[in-house]
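Assemble chain X with the ligands onto chain E, guided by the hints.
These protein sequence lines are chains E and X, in that order. So the first sequence is numbered by this note's numbering: it starts at 1 and just counts up by one. So the second sequence is numbered by this note's numbering: it starts at 1 and just counts up by one.
Source of the hints: derived by calculation from the structure; they are not laboratory data. No false leads were slipped in.
Quick list of in silico lysine to any residue cross-link-like pairs, SDA-like style, CA-CA up to 25 Å:
1. K563/X x R585/X
2. K3/E x M46/E
3. K226/E x D339/X
4. K8/E x S521/X
5. K563/X x V617/X
6. K336/X x A146/E
7. K124/E x D200/E
8. K347/X x T4/E
9. K337/X x P229/E
10. K336/X x V223/E
11. K226/E x G340/X
12. K337/X x E149/E
13. K482/X x G31/E
14. K591/X x K649/X
15. K470/X x S53/E
16. K482/X x P6/E
17. K222/E x K336/X
18. K226/E x S331/X
19. K337/X x R142/E
20. K124/E x W147/X
21. K337/X x S83/E
22. K226/E x N120/E
23. K236/E x R106/X
24. K226/E x E257/X
25. K222/E x L342/X
26. K482/X x P27/E
For reference, the chains in residue letters:
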Amino acid sequence: MAKTIPVKIKRQDTPHDGSRWETFDVPYESGMNVTTVLQRIAANPMTAEQQSSTPVAYDACCLEEICGACTMVINGRVRQACSALVDDLLQEQADSIELQPMTKFPVVRDLVVNRQPMFNSLSKVKAWVRVDGYHDMGSGPRVSEATQEEAYPLSRCMTCGCCVEACPQFNDHSPFIGPAAISQAILFNSHPTGAVDREDRLAVLSDAGGIADCGNSQNCVKVCPKEIPLTDSIAKAGRDTTLYKIRQWFGR
Amino acid sequence: MAKQHVVVVGGGLAGLAATMRLAEAGVHVYLISMVPVKRSHSVCAQGGINSVNNYTRQQGDSEWLHFDDTVYGGDFLQHQPLVKEMCDWAPRVIDLLDRLGVTFNRTPEGLRDQRRFGGTMYKRTAFAGATTGQQLIYALDEQVRRWEADGLVEKFEYWDFLGPILDDSGRCRGVVAQDMFSMETRSFAADAVVLATGGCGLVFGRSTMSMICTGGAAGRAYKAGVKYGNGEFVQVHPTAIPGTDKLRLMSESARGEGGRVWVPKKPQDDRDPRSIPANERYYFLEERYPKYGNLVPRDIATREIFDVCVNMGLSVEQDQLCAYLDVTELSPETQKKLDGILEIYEKFQGADPRQVPMKIFPAVHYSMGGLWVDYEKNTTTGGLVLGSQRNQQSNIPGIFVIGEADYQYHGGNRLGANSLLSCIFSGLIVAPSIENMLHSFSAGNAEDQPISLFDGAVKEHEAHADRLIKNQGSENPYQIHKELGDSMTRNVTVVRNNDDIKSTLAKIEELKDRYQNVALSDTGDWTNQNLSFTRALGDMIMMARVIAQGALQRDECRGAHFKPNFLTPPMDADDPAELHKQAQRWCKAFKEKNDRWLKSTIAEFTPDGPKMSYESVDTSLIPPRPRTYGLKGAEIIDEVWREMGAQAKTEQQAGAGTAN
Ligand SMILES: Cc1cc2nc3c(=O)[nH]c(=O)nc-3n(C[C@H](O)[C@H](O)[C@H](O)COP(=O)(O)OP(=O)(O)OC[C@H]3O[C@@H](n4cnc5c(N)ncnc54)[C@H](O)[C@@H]3O)c2cc1C
Ligand code: SF4
Ligand code: SF4
Ligand code: FES
Numbered sequence: 001m002a003k004t005i006p007v008k009i010k011r012q013d014t015p016h017d018g019s020r021w022e023t024f025d026v027p028y029e030s031g032m033n034v035t036t037v038l039q040r041i042a043a044n045p046m047t048a049e050q051q052s053s054t055p056v057a058y059d060a061c062c063l064e065e066i067c068g069a070c071t072m073v074i075n076g077r078v079r080q081a082c083s084a085l086v087d088d089l090l091q092e093q094a095d096s097i098e099l100q101p102m103t104k105f106p107v108v109r110d111l112v113v114n115r116q117p118m119f120n121s122l123s124k125v126k127a128w129v130r131v132d133g134y135h136d137m138g139s140g141p142r143v144s145e146a147t148q149e150e151a152y153p154l155s156r157c158m159t160c161g162c163c164v165e166a167c168p169q170f171n172d173h174s175p176f177i178g179p180a181a182i183s184q185a186i187l188f189n190s191h192p193t194g195a196v197d198r199e200d201r202l203a204v205l206s207d208a209g210g211i212a213d214c215g216n217s218q219n220c221v222k223v224c225p226k227e228i229p230l231t232d233s234i235a236k237a238g239r240d241t242t243l244y245k246i247r248q249w250f251g252r
Numbered sequence: 001m002a003k004q005h006v007v008v009v010g011g012g013l014a015g016l017a018a019t020m021r022l023a024e025a026g027v028h029v030y031l032i033s034m035v036p037v038k039r040s041h042s043v044c045a046q047g048g049i050n051s052v053n054n055y056t057r058q059q060g061d062s063e064w065l066h067f068d069d070t071v072y073g074g075d076f077l078q079h080q081p082l083v084k085e086m087c088d089w090a091p092r093v094i095d096l097l098d099r100l101g102v103t104f105n106r107t108p109e110g111l112r113d114q115r116r117f118g119g120t121m122y123k124r125t126a127f128a129g130a131t132t133g134q135q136l137i138y139a140l141d142e143q144v145r146r147w148e149a150d151g152l153v154e155k156f157e158y159w160d161f162l163g164p165i166l167d168d169s170g171r172c173r174g175v176v177a178q179d180m181f182s183m184e185t186r187s188f189a190a191d192a193v194v195l196a197t198g199g200c201g202l203v204f205g206r207s208t209m210s211m212i213c214t215g216g217a218a219g220r221a222y223k224a225g226v227k228y229g230n231g232e233f234v235q236v237h238p239t240a241i242p243g244t245d246k247l248r249l250m251s252e253s254a255r256g257e258g259g260r261v262w263v264p265k266k267p268q269d270d271r272d273p274r275s276i277p278a279n280e281r282y283y284f285l286e287e288r289y290p291k292y293g294n295l296v297p298r299d300i301a302t303r304e305i306f307d308v309c310v311n312m313g314l315s316v317e318q319d320q321l322c323a324y325l326d327v328t329e330l331s332p333e334t335q336k337k338l339d340g341i342l343e344i345y346e347k348f349q350g351a352d353p354r355q356v357p358m359k360i361f362p363a364v365h366y367s368m369g370g371l372w373v374d375y376e377k378n379t380t381t382g383g384l385v386l387g388s389q390r391n392q393q394s395n396i397p398g399i400f401v402i403g404e405a406d407y408q409y410h411g412g413n414r415l416g417a418n419s420l421l422s423c424i425f426s427g428l429i430v431a432p433s434i435e436n437m438l439h440s441f442s443a444g445n446a447e448d449q450p451i452s453l454f455d456g457a458v459k460e461h462e463a464h465a466d467r468l469i470k471n472q473g474s475e476n477p478y479q480i481h482k483e484l485g486d487s488m489t490r491n492v493t494v495v496r497n498n499d500d501i502k503s504t505l506a507k508i509e510e511l512k513d514r515y516q517n518v519a520l521s522d523t524g525d526w527t528n529q530n531l532s533f534t535r536a537l538g539d540m541i542m543m544a545r546v547i548a549q550g551a552l553q554r555d556e557c558r559g560a561h562f563k564p565n566f567l568t569p570p571m572d573a574d575d576p577a578e579l580h581k582q583a584q585r586w587c588k589a590f591k592e593k594n595d596r597w598l599k600s601t602i603a604e605f606t607p608d609g610p611k612m613s614y615e616s617v618d619t620s621l622i623p624p625r626p627r628t629y630g631l632k633g634a635e636i637i638d639e640v641w642r643e644m645g646a647q648a649k650t651e652q653q654a655g656a657g658t659a660n
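This is chain E alone, in the form it adopts within the complex (with noise of 0.2 Å):
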């Protein structure tokens, strides 16, 4: 018989209700994904113990890791299920794959996640770039080369939410805006023209939920899938913002 994979999955049916594990073994390919898994799944939902279930509800689009939409927790880690190859999996864990919902956001059902709240934080901290209007005035700025290699990893966050997943600071508790936010604020800062909302982003960073709430334990720096350097930015917002306050001070 071709070999199985038992993949073990939490699951919820809405936010209301409890969650309970279900295994599914599904049917090894070569080169495999967690996605292929879940697809697979949904086209024969039929438990381990051949209970018949219900497709597991998961958010997928883009499948190359660059939408964002598929982070869940994948054995104990956060990540994108597009990106999670069995094979490598299978290596760090031998027995089994097991899936389970992202825990900082409420759950919608199953791996399903409301991540609505790291959207407010971008509308929180102004990420945009506040130009005149669309007509046709011309190109932007200059930008030199070592300019644009500082903002162009920055400007990858896909808003995925694994940062905010393993900070310990994040929670739905917390007005805490997360380092997502944090890193765009300090990318929209630095564009010529994005700097005309500077001071008002620097003030929501100095605010209840911004940069004092950071216990620079780093852990988000760690997990970010697009390697942006998080704590770099971090660091940028705490030695602004403290300028920020002096001028606020000596403003008054």
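Same frame as chain E, but now just chain X with the ligands:
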């Protein structure tokens, strides 16, 4: 009068561009999307976005040449006024993106860097690392978030568009959509509806597209009466990485930066590819197309890779069709520019492409066809009348279509890096058209329509969902999807033969019947993904029929549509006089072919299947000419074709003279 609203369905590049422009004009927008807009399929685009720029201008490039490359690459199947206007605006579109903070790559002087893409001789493509689509969509997403904070945009993310609402006169008055979490179905009254719902790659099972690219939304509009144009034109990208869930793209930029495609001359040579000496490698694109080399247009690269692997039996591997795409010889600096895409290969294949050549094979990639839209031509410039209500409006008043979901701009074949451009361009120009339409309304607004119109539409969709949920059949929707994809990929992609297409059409009929018997494994009323998928599957089966029927009827070769049985035989004579004669015959055949087939396929929904008709194409600005990439005697064909054109003109003038 009640407040006016616009619904934008889809928050990829096209939908976001339209939304931000509408909001800027003070129009209130409901933005509806199956996924959070920031996660739309557009994030996948890697390579870049085209426009003429100061650098290429100095080498003789112009907006006109960009336009020319686009229509030549598309085998003249697009209405030229739209393409001309798009290419004229392209530099300004890139400027705008630059102002919005897109982290385009820079030259040492701080200017935007460019690379070369397929189907052109110029370095027209601006890029941001290897994640251009992601960077562009983020810039637009940020602008839309800004308008959302100002209250002009209301987002409905994780909502599935189920269909438009038409009043008795046939005008669109809004849409019905379903919350994919709570499964609530509701109506949105709107004075204009913009569909920006992307392509339909999932009709082919696996493709380079994202999971949401089912074409379901387009199918629902088609079923409601929007015409569908050029469905059979589907681009197959030459270089994708085979995978179990998706065929991941290896961007053309790999070749743009110098990557080379080859296979070992010895079939399934099992040596380490790096140890195979140059003279034992077959660089078939470079040998067959010396002028463009590895950067021939996509349809040609695809067919050549297919030919070498399938017909010549030179696939690198025995049990899996593939060729090498080799960037190992590029300098580390050049490789660095490709980091983003090389990482994808490394991540999903577990091998480092900087060290070992990548294994690639063609995959379905882009839908040139789509929902039919109109335009208004500016007779002075040859471009568009900007702000005309006809621009991007479908045959149903009040429904506009933009982005990959429409059938315009790319004709028979899309050039690389032209799609991000057409998406943003069509999104930007649709806004003033809608604004003018809103101002011109004399009749009541959508919100003034009787409640029964909206409630009736909601009830209809609820009943449809209910039928699917209660169905007591034995068919598995995922199995049907797999069979559909397999048959479409086998018979309706790279090489098309009528008998094969007919067998796929028969298969589609079978699947359509079996679909009536489909059983859901989830019948719940909370976040039921099984229901959304199965509903979309019904639309995919319908759209597969449109695509296959169009392919069957079009007995010619054009762009991505390749039917070997209808190929004008290539020239083979060595004697110059004979070659010239052959060229004349070739050109005559080419003219006859254009007289018959230089037309858009138009499909209209009927319960018995698509009703097909053909629409003539506006080629008034650049007369069609043979696409002769790599043909033997290409120059002679070009010359004979010019002579024939000149002669036709003289005859016409002479004719006009006698008539006077
Ligand atoms: C891998 C890859 C790489 C590419 N690289 C390039 C490149 O380098 N250069 C280039 O020019 N082009 C490239 N393309 C093509 C280009 O990315 C796409 O054509 C373009 O992004 C399409 O954008 P769009 O706005 O039309 O739609 P999409 O980005 O596909 O967005 C569709 C939107 O519609 C929504 N939607 C769909 N159905 C529904 C529904 N039923 N209800 C509600 N919402 C719905 C989705 O949620 C989404 O928001 C590439 C394509 C692929 C596949
Ligand atoms: S460094 Fe700060 S933001 Fe990062 S994980 Fe630690 S507490 Fe959270
Ligand atoms: S910073 Fe990294 S981990 Fe955090 S959301 Fe962005 S991409 Fe994900
Ligand atoms: S599906 Fe987009 S990151 Fe995994």
